[in-house]
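This is what each chain is made of:
Number of protein chains: 2
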Amino acid sequence: MTASENPDLKIAQAHTLKPIGEIAEKAGIPEDALIHYGKHIAKVDMKKIGEPKEPAKLVLVSALSPTPAGEGKSTTTVGLADAFSLKGKNTMVALREPALGPIMGVKGGATGGGYAQVVPMENINLHFTGDFHAIQIANNTLAALVDNSIHQGNPLNIDPRRVQWKRVVDVNDRELRNIVVGLGGPAQGVPREDGFDIVVASEIMAVLCLATDLKDLEKRISDIVVAYNYDREPVTVRELEVQGAITLLLKDALNPNLVQTLGGTPALVHGGPFANIAHGCNTMIATNLARSLGDIAVTEAGFGSDLGGEKFMDIKSRFGDFGPDAVVIVATVRALKMHGGVKKDDLNTENVDALLEGTSNLRKHVENVRKFGVEPVIALNRFPNDTEKEIKAALDWAEENGFKAALSEVWAKGGEGALELADQVLKAIDEPVKFAPIYDTEDGIENAIETIAKEIYGASEVQYVGSAPAALRRLKKNGWDKMPVCMAKTQYSFSDDPTKLGAPEGHVLHIRDLIPKLGAGFVVALTGDVMTMPGLPKQPAALRMGLDDNGEAFGLF
Amino acid sequence: MTASENPDLKIAQAHTLKPIGEIAEKAGIPEDALIHYGKHIAKVDMKKIGEPKEPAKLVLVSALSPTPAGEGKSTTTVGLADAFSLKGKNTMVALREPALGPIMGVKGGATGGGYAQVVPMENINLHFTGDFHAIQIANNTLAALVDNSIHQGNPLNIDPRRVQWKRVVDVNDRELRNIVVGLGGPAQGVPREDGFDIVVASEIMAVLCLATDLKDLEKRISDIVVAYNYDREPVTVRELEVQGAITLLLKDALNPNLVQTLGGTPALVHGGPFANIAHGCNTMIATNLARSLGDIAVTEAGFGSDLGGEKFMDIKSRFGDFGPDAVVIVATVRALKMHGGVKKDDLNTENVDALLEGTSNLRKHVENVRKFGVEPVIALNRFPNDTEKEIKAALDWAEENGFKAALSEVWAKGGEGALELADQVLKAIDEPVKFAPIYDTEDGIENAIETIAKEIYGASEVQYVGSAPAALRRLKKNGWDKMPVCMAKTQYSFSDDPTKLGAPEGHVLHIRDLIPKLGAGFVVALTGDVMTMPGLPKQPAALRMGLDDNGEAFGLF
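Top line first, the protein sequences correspond to chains D and B.
Residue numbers for the first sequence follow our numbering, beginning at 1 and rising by one.
Residue numbers for the second sequence follow our numbering, beginning at 1 and rising by one.
Don't take each hint at face value.
Below, simulated DSS-like cross-link-like pairs (lysine-lysine); rule was C-alpha separation at most 25 Å, straight line [as the list claims (entries may be wrong)]:
(1) D/538 <-> B/166
(2) D/434 <-> D/454
(3) B/107 <-> D/251
(4) D/10 <-> B/251
(5) D/219 <-> D/48
(6) D/344 <-> D/500
(7) D/26 <-> D/47
(8) B/219 <-> B/477
(9) D/48 <-> B/10
(10) B/10 <-> D/251
(11) D/107 <-> B/251
(12) B/476 <-> D/47
(13) D/87 <-> D/18
(14) B/39 <-> D/26
(15) B/48 <-> D/10
(16) D/166 <-> B/538
(17) B/47 <-> D/10
(18) B/18 <-> D/251
(19) D/251 <-> B/39
The hints are simulated quantities; they were obtained by calculation from the structure and are not laboratory data.
Remember, it's a predicted structure, so these values are computed and weren't measured experimentally.
Using the sequences provided together with the hints, build the complete structure.
The structure is reproduced here in structure tokens:
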């Protein structure tokens with residue numbers, strides 16, 4: 001494959017980028033706060049950033065329950081921001097960083113697409129400024145320090161069977177899911193069962209993404225529970241006395257990364273926690289910085305509004321003491337047809353009936369967002385195979401139901417393709433917002449889970465199965481039951497069963513385990529199987545990648 | 001601990017660095033070839049560098065057989081280069097990058113010391129420009145692709161018991177030395193024995209450090225043997241068809257990193273392979289660039305002249321078609337006394353007799369270097385506890401034996417502390433050099449090993465034990481027996497027994513295994529136990545590290 005066969009990368013490579021200093025100036029970031037990484041990327045030295053101005057309006061981009069290919073949330077986020085810029089609004093984008101594992105696996109890239117991308121896409125998709133690498137080595141240094149403490153006399157009385165802290169790599173590597181470590185005799189560590197997660201599943205990632213500054217980061221790292229001792233008491237990083245070293249390794253990673261969209265809008269691309277076992281949005285620092293610099297900050301959260309969206313509003317907004325002024329729900333004709341019962345291979349065939357059937361899923365997302373006191377706007381993200389009839393049917397359905405909606409053609413047209421969407425969002429922003437999280441942490445973890453299950457997922461009941469009842473008792477015993485809950489659920493369904501599409505009702509939500517993440521400040525509730533280490537497909541995207549004779553990349557998309 | 005208790009970091013932090021553009025100008029590197037990483041670090045875009053001028057004189061800094069604490073090779077390299085700069089010579093330094101694992105373990109830092117450091121030491125010692133992270137993820141992506149190929153139907157018929165490619169982390173993590181991976185059933189990979197190495201032991205590191213450009217890098221990566229199939233035939237990266245993706249991940253890492261010494265001398269700090277199972281010196285690209293820009297290029301190689309030094313001259317010089325014009329052998333009073341039989345705890349007590357006894361080791365290193373046709377210069381690197389009597393005894397001994405030698409006080413005085421050493425080296429450079437590697441690869445691998453064993457190590461005999469005889473047959477069968485040999489031997493002794501100090505003679509060198517590294521282009525010969533994954537000590541250096549209230553690092557040294 002050559003570069004010419006790859007539209008996203010080709011568009012990005014053909015684009016003439018502005019020097020990052022110019023972008024910073026536009027964003028009101030002083031030159032002396034920039035730590036340059038080449039000509040088009042800079043970290044922002046937060047020590048050089050003054051007090052925030054009047055906060056910008058915050059637009060959250062979420063989605064309906066997605067197809068496996070995704071519905072174009074990042075693309076919409078970027079295109080919408082460029083549309084705001086075209087309308088003369090001082091706009092900042094805040095996005096997650098792509099993970100390398102999935103890029104080499106299926107994704108091939110994760111910086112938007114077509115004419116709605118953040119650039120330089122090649123660098124952002126590969127090592128960028130090294131944040132994920134820093135998180136990886138901080139995570140793994142901590143793991144080695146835990147095992148070394150056990151090996152060197154075990155002064156903290158750690159039960160090797162109850163080490164919680166796993167190692168991570170930014171590789172889709174199923175071979176490392178279940179392993180036995182420490183074999184080879186007394187000089188080679190302590191034998192125990194273990195496993196690797198992908199780096200975006202590290203609690204260090206969640207912690208970095210919620211920290212407000214270096215001090216807060218160190219405090220959160222200190223609080224992380226790495227193991228339990230033989231008396232079943234938690235052992236934290238503070239007791240290992242290595243929070244300083246781990247924070248030191250993350251010092252640069254905590255500074256947000258400034259890049260630009262193809263439309264020249266300043267964009268902060270920073271952090272990228274999973275949207276299932278973590279909260280699924282970019283760093284608090286990037287969001288706060290984006291909010292403090294312009295008229296409008298546009299950000300996104302992973303998977304559908306039931307996952308990343310709910311967590312943005314119940315976890316991140318709670319910690320950050322803000323809320324979205326508008327929520328965009330990205331929908332596609334493809335996803336609507338899937339929710340209407342169409343099989344994956346038939347999604348490119350026109351099917352208005354199935355599409356209308358599938359609106360049940362979108363309707364539930366709209367209703368859910370309203371429960372947080374925010375008015376949603378549907379962005380119908382156009383794909384090449386969508387027919388005019390299907391698009392009209394979807395937009396008519398929205399109008400008939402009194403939902404704000406607009407067609408979005410940002411992949412093909414950039415910001416110009418989202419001007420009507422931008423108008424709709426600006427109208428939504430002007431409406432009075434009475435944002436609030438949907439549960440109160442003081443009412444306890446069971447109430448939080450039940451509220452989300454019933455209000456957001458449409459479940460009739462919550463059942464605690466497997467390890468969950470014991471885990472719940474342990475949470476209460478340790479006083480950890482008044483934190484927000486981070487639901488780890490399939491992104492494909494409102495229920496914990498990925499095959500239940502549309503808007504299932506009356507189902508039972510099964511909680512399998514509850515994992516306290518004291519550093520992040522939330523409790524992960526596992527429902528169904530949640531994969532924390534993806535595998536590679538039979539034909540990994542890596543097979544298509546390379547460098548041409550001029551040293552230019554190909555195969556990213 | 002605070003910053004004030006840490007002299008190296010304190011000196012580095014107190015120093016006012018020149019903008020890296022100024023350093024580049026001094027080095028003759030055009031501004032448009034700089035890819036900035038903050039104000040004081042830049043990668044040099046090799047695509048923007050023209051043809052080399054008349055090559056500079058090349059000075060290799062090596063050492064006698066070291067104590068566990070090291071003898072100050074990097075410190076001497078930096079100080080000597082600054083001394084050349086003070087004498088008006090246009091000088092470039094080429095050094096290895098530090099590995100994070102040992103920094104968090106025992107070392108605390110590896111960028112020289114005192115007033116002979118490369119700076120910014122904090123950044124260089126932590127993530128720097130991410131080269132090691134890129135190598136780590138390239139290595140581990142390749143590992144996942146190998147196991148995925150086995151998992152997905154095993155089209156290359158790979159024998160899971162004969163996978164050669166190990167995963168790596170840049171952490172001292174003994175827990176990962178011997179592991180079992182792929183447990184959990186058919187969906188979770190293929191169960192097999194495995195283990196992690198530290199990142200500097202990766203063949204990707206060796207390959208990156210020997211590659212001359214991107215094309216050569218991709219060719220070398222293609223040649224790597226990752227496994228053997230059930231017919232015992234080698235399986236290479238080329239057959240996996242992922243050399244493009246792996247090279248893509250290393251694209252930026254291949255560009256050398258420009259920094260400065262405390263004396264303002266331009267320094268390229270790039271790559272860092274082990275000096276036992278790999279060749280132990282910075283990248284070929286950095287050495288070639290340093291040679292093409294000034295009057296004098298000063299570089300170093302790991303451990304003593306029997307390891308890194310021998311490999312620099314027999315492997316790197318052979319591939320690069322150059323040779324050192326002078327070799328500096330760093331010696332210390334401490335190491336001489338150790339070789340004279342003094343125990344570790346008594347090394348700070350004056351003992352001239354033991355020192356003179358220990359010169360047997362240094363004499364052998366001098367004689368060895370002469371065998372390559374190069375005149376060595378001894379740099380007696382002063383430590384605070386050395387007495388005047390000891391220093392005089394060592395220098396008198398050198399003079400009586402007709403060896404070039406000078407006291408080096410660069411830790412305390414920077415370049416000013418190496419002016420006499422610089423004069424001695426300049427004299428050595430002016431002598432006619434008839435450099436040549438000491439063996440011819442065409443004479444076969446056994447001849448190469450025997451030549452090194454007898455000429456350099458003083459052994460009387462080579463014995464092939466354990467897996468070695470079968471490995472030798474396999475090398476011959478596959479036509480891999482005409483490559484240079486990379487000896488993996490303890491750094492503490494000329495023999496394969498680390499307790500045999502001084503200059504042992506008549507010993508038997510045991511070859512335990514022979515491992516072809518087709519990408520690097522050499523065969524590793526294992527003698528004794530060679531550790532490819534270090535462990536952490538009881539009190540890791542990480543315990544002392546952190547950030548103060550101003551966000552400044554402490555605990556690096």
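For each hint, the structure was consulted:
{"no.": "1", "hint": "D/538 <-> B/166", "in the structure": "holds (21 Å)"}
{"no.": "2", "hint": "D/434 <-> D/454", "in the structure": "holds (21 Å)"}
{"no.": "3", "hint": "B/107 <-> D/251", "in the structure": "holds (20 Å)"}
{"no.": "4", "hint": "D/10 <-> B/251", "in the structure": "holds (18 Å)"}
{"no.": "5", "hint": "D/219 <-> D/48", "in the structure": "holds (22 Å)"}
{"no.": "6", "hint": "D/344 <-> D/500", "in the structure": "holds (15 Å)"}
{"no.": "7", "hint": "D/26 <-> D/47", "in the structure": "holds (20 Å)"}
{"no.": "8", "hint": "B/219 <-> B/477", "in the structure": "holds (22 Å)"}
{"no.": "9", "hint": "D/48 <-> B/10", "in the structure": "holds (23 Å)"}
{"no.": "10", "hint": "B/10 <-> D/251", "in the structure": "holds (18 Å)"}
{"no.": "11", "hint": "D/107 <-> B/251", "in the structure": "holds (20 Å)"}
{"no.": "12", "hint": "B/476 <-> D/47", "in the structure": "violated (61 Å)"}
{"no.": "13", "hint": "D/87 <-> D/18", "in the structure": "holds (20 Å)"}
{"no.": "14", "hint": "B/39 <-> D/26", "in the structure": "holds (22 Å)"}
{"no.": "15", "hint": "B/48 <-> D/10", "in the structure": "holds (23 Å)"}
{"no.": "16", "hint": "D/166 <-> B/538", "in the structure": "holds (21 Å)"}
{"no.": "17", "hint": "B/47 <-> D/10", "in the structure": "holds (21 Å)"}
{"no.": "18", "hint": "B/18 <-> D/251", "in the structure": "holds (23 Å)"}
{"no.": "19", "hint": "D/251 <-> B/39", "in the structure": "holds (17 Å)"}
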